[in-house]
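Got chain A; can you put chain B on it based on the hints?
Protein chains in written order, with our numbering: chain A, 20 to 293; chain B, 732 to 1204.
Please note that a few of the clues may not be correct.
Estimated spans, in silico, between C-beta atoms of each pair [to be verified]:
(1) 1201/B / 209/A: 39 to 45 Å
(2) 202/A / 1182/B: 37 to 43 Å
(3) 1201/B / 107/A: 51 to 57 Å
Result set (SDA-like, lysine to any residue): computed pairs, CA atoms no more than 20 Å apart in a straight line [what the hints assert, rightly or not]:
(4) 756/B / 768/B
(5) 224/A / 1179/B
(6) 768/B / 210/A
(7) 224/A / 1182/B
(8) 68/A / 1197/B
These aren't lab readings, by the way, just hints derived from the structure by calculation.
Just so you know, even glycine gets a beta-carbon here, dropped at the ideal spot from N, CA and C.
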Amino acid sequence: MRKTGIHFFASRSRADSCRMEAPQGPRVGLYVTCLVDLFRPAIGWAAVKLLEDAGCTVEVPRQTCCGQPAYNSGDRALAKELARPVIEAFAPYDYVVVPSGSCAGMLAKHYPALLADDPDFATEARAFAAKVYELSDFLVTVLNVASIDAEFPRRVTYHDACSGLRELGIAAQPRKLLGSVRGLDLVEMQDSTRCCGFGGTFAVKYGEVSSAIVEEKAEAAEASGAPVLLAGDLGCLMNIAGRLARRGSAIEVRHFAEVLAGMTDMPAICAGKK
Amino acid sequence: MSAPQSHLHFAEKAHRALADAHLQKALHVSRNGFIGKRAKAVARLQEFEALRDAARDIKAHTLAHLDLYLEAYEAKVLASGGTVHYACTAEGANAIVLDICRRHGAKSVAKGKSMIGEEMGVNAALEAAGITPVETDLGEYIIQLRHEMPSHIIAPAVHLTRDQIAADFYRVHKGLPEARDLSDPAALLAEARKILREKFLAADIGITGANFLVAETGTSIIVTNEGNGDLSQSLPKVHIVLASIEKLVPTLEDAGTLLRVLARSGTGQDMTVYTTLSTGPRRPDDPEGPQEYHVVLLDNGRTKMLGSDFAEMLRCIRCGACLNHCPVYQSVGGHAYGSVYPGPMGSVLTPGLFGLAHSADLPNASTLCGACESVCPVRIPLPKLLRQWRERAFAHYLGPQSQRLGLAFWGFFARHPQIYGPASRIAMRTLALSGRHGRFRSLPFAKGWTGQRDFPAPEGETFQAQFAARKKP
Chain A
20 MRKTGIHFFA SRSRADSCRM EAPQGPRVGL YVTCLVDLFR PAIGWAAVKL LEDAGCTVEV
80 PRQTCCGQPA YNSGDRALAK ELARPVIEAF APYDYVVVPS GSCAGMLAKH YPALLADDPD
140 FATEARAFAA KVYELSDFLV TVLNVASIDA EFPRRVTYHD ACSGLRELGI AAQPRKLLGS
200 VRGLDLVEMQ DSTRCCGFGG TFAVKYGEVS SAIVEEKAEA AEASGAPVLL AGDLGCLMNI
260 AGRLARRGSA IEVRHFAEVL AGMTDMPAIC AGKK
Chain B
732 MSAPQSHLHF AEKAHRALAD AHLQKALHVS RNGFIGKRAK AVARLQEFEA LRDAARDIKA
792 HTLAHLDLYL EAYEAKVLAS GGTVHYACTA EGANAIVLDI CRRHGAKSVA KGKSMIGEEM
852 GVNAALEAAG ITPVETDLGE YIIQLRHEMP SHIIAPAVHL TRDQIAADFY RVHKGLPEAR
912 DLSDPAALLA EARKILREKF LAADIGITGA NFLVAETGTS IIVTNEGNGD LSQSLPKVHI
972 VLASIEKLVP TLEDAGTLLR VLARSGTGQD MTVYTTLSTG PRRPDDPEGP QEYHVVLLDN
1032 GRTKMLGSDF AEMLRCIRCG ACLNHCPVYQ SVGGHAYGSV YPGPMGSVLT PGLFGLAHSA
1092 DLPNASTLCG ACESVCPVRI PLPKLLRQWR ERAFAHYLGP QSQRLGLAFW GFFARHPQIY
1152 GPASRIAMRT LALSGRHGRF RSLPFAKGWT GQRDFPAPEG ETFQAQFAAR KKP
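With the rest of the complex left out, here is chain A (with noise of 0.2 Å):
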């Protein structure tokens, strides 16, 4: 694993050294979604070890799932029902950090409607929502992290996932992060804010609609010369590796919180163990 370490503007340093000694930093509950914590726990991994190197106490209380594939199939009293004991299982944290946009934009944007009418947990839900962080926005926008000290000498194409992008307003946050990584070299791929086709549950339901929209992206990401793909969301990202490998592309996807926290040893995603 390459040695790698955060940076902050001069005014907010603060030596990575004494954090074990003083604790200062916030208290984060990591949200570390579903898709993540059953396919891919190094995007987890990658997340407390960023946030960890930041300064921050990291804990992980008991999740399953945000409710999104409910709130979004109509079975909005099966997303209400997921929704409460997520905020109640958060509540003692000061952050909380997500590695997707989706999951962050479901707790920050969506939970607050889906809970408004419910005298029990509408005041709670916009608190909740308040303290609510896309990983990447989390460090640059909270943190004030300047730059990360990590090292990935390949040239990557970074693809903006919508939730994240239209809801939350991720787009110059990773970018900035990874412009800070010793030796990358950031291409755009052409279109790179259109939907990869996943949409959750569509991604089924559509499956052939679903795949000829991830088929052009494949192309961008083919066109754009890069031999990485990085995303903010395992769901987009499955989506696009799962087409790239059926197409017998060589290109590796990844999240981006893998390269800013150096484990990049590990298979890209649907890549065989080396």
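Same frame as chain A, but now just chain B:
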């Protein structure tokens, strides 16, 4: 409900659309044009985002006081010598149109482009009564020749290639020599213009739509790029305007604000080539114009929408930007939606106008990526409204039973973390063992996924189990 509706589901129609090489070619060409031109037009106008806010506010205000503006509008139309007819349903609106046609002994009707006409199915009603409707908009004319629905609200024939259109003209236009070269758009246009001019002059009645109705003056406004609307309404003796009630705006100045966002959002033009205002019939000293001026105001479910959670949809000014920017629409085109209103706006409007039972799959035919909302000139929260229809469909058991069962099965585990934890560990370890190459080429319960994509194999142990192990001393 009288608009043509297909009985196939979205998935089946999408399957056919994806296999249609002509359609795929046409969609690709048009997409790049629409998106690129809008982006340039928006970049040229610094206050575009502020104009979107203003446009939204004008429509929201009008809808909140629609009863008052309708009364004011009607009074102005009457004062200018015109007549306003109210129709609750498409059938009622068609009956009004036919009645006017019969009174004038009309044999043929020249039609400017009207989506309300499409919604009413007015062409079929006219034909059934022995009256020939002639579409004068080039795109509408082409799909009329082909007996098709429009596939786009501002570009009805955008699903066709030039070769297909040329073939239709050779087939239908008598006296068109086979040697005539129709390979470039100008030649196609010239050929259509020649035929259409004859029909304009022969028409007894002109029917147009309306982009806006102005309460202040009783004026109807249409925008076109071909000028066909002007001829349709000024040459015949009678002009009938087909419009729905939410087309009202308070003043001419408000209409001006909306016009500034309409063309930029739709075609990427600063203004369409023609913007035509008509107020009442010909006055004694007017050199030309119709002798009668009728406005048919259609409700067709809109009053009901106005008082519902879907009222925001009535702000729509039919620019087509949400279609142009939708990855699903871009992939399958408009006919896959089976409604005269396709794409994101159509998937919200169609259940409201024609009933959710006939269209429950449309609100699901979206990735909820939000591209539509990000370009909507009146800031309609389309993903939110699509989700609301999904909630209605779920509450009324309208979706496939298998998806419902799948959701309930998953929901049981997600609601019980004490079972979810161990169960997910076992499931992921098992999956990881059989997916040692990092991926699956097929999975029994995810055929929709694995048809054209591999499915990534899990690492093995869940993150929560790994993290708990780290914490132990």
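Against the structure, the hints come out as follows:
1. 1201/B / 209/A: 39 to 45 Å: holds (42 Å)
2. 202/A / 1182/B: 37 to 43 Å: Holds, since residue 202/A and residue 1182/B (Cβ atoms, about 38 Å apart) stay within the stated range.
3. 1201/B / 107/A: 51 to 57 Å: About 24 Å separates the Cβ atoms of residue 1201/B and residue 107/A, which means 51 to 57 Å is violated.
4. 756/B / 768/B: Given pair residue 756/B, residue 768/B holds - Cα atoms ~19 Å apart, limit 20 Å.
5. 224/A / 1179/B: holds (7 Å)
6. 768/B / 210/A: holds (15 Å)
7. 224/A / 1182/B: Cα-Cα ~12 Å, so holds.
8. 68/A / 1197/B: OK: residue 68/A and residue 1197/B at ~14 Å, within 20 Å.
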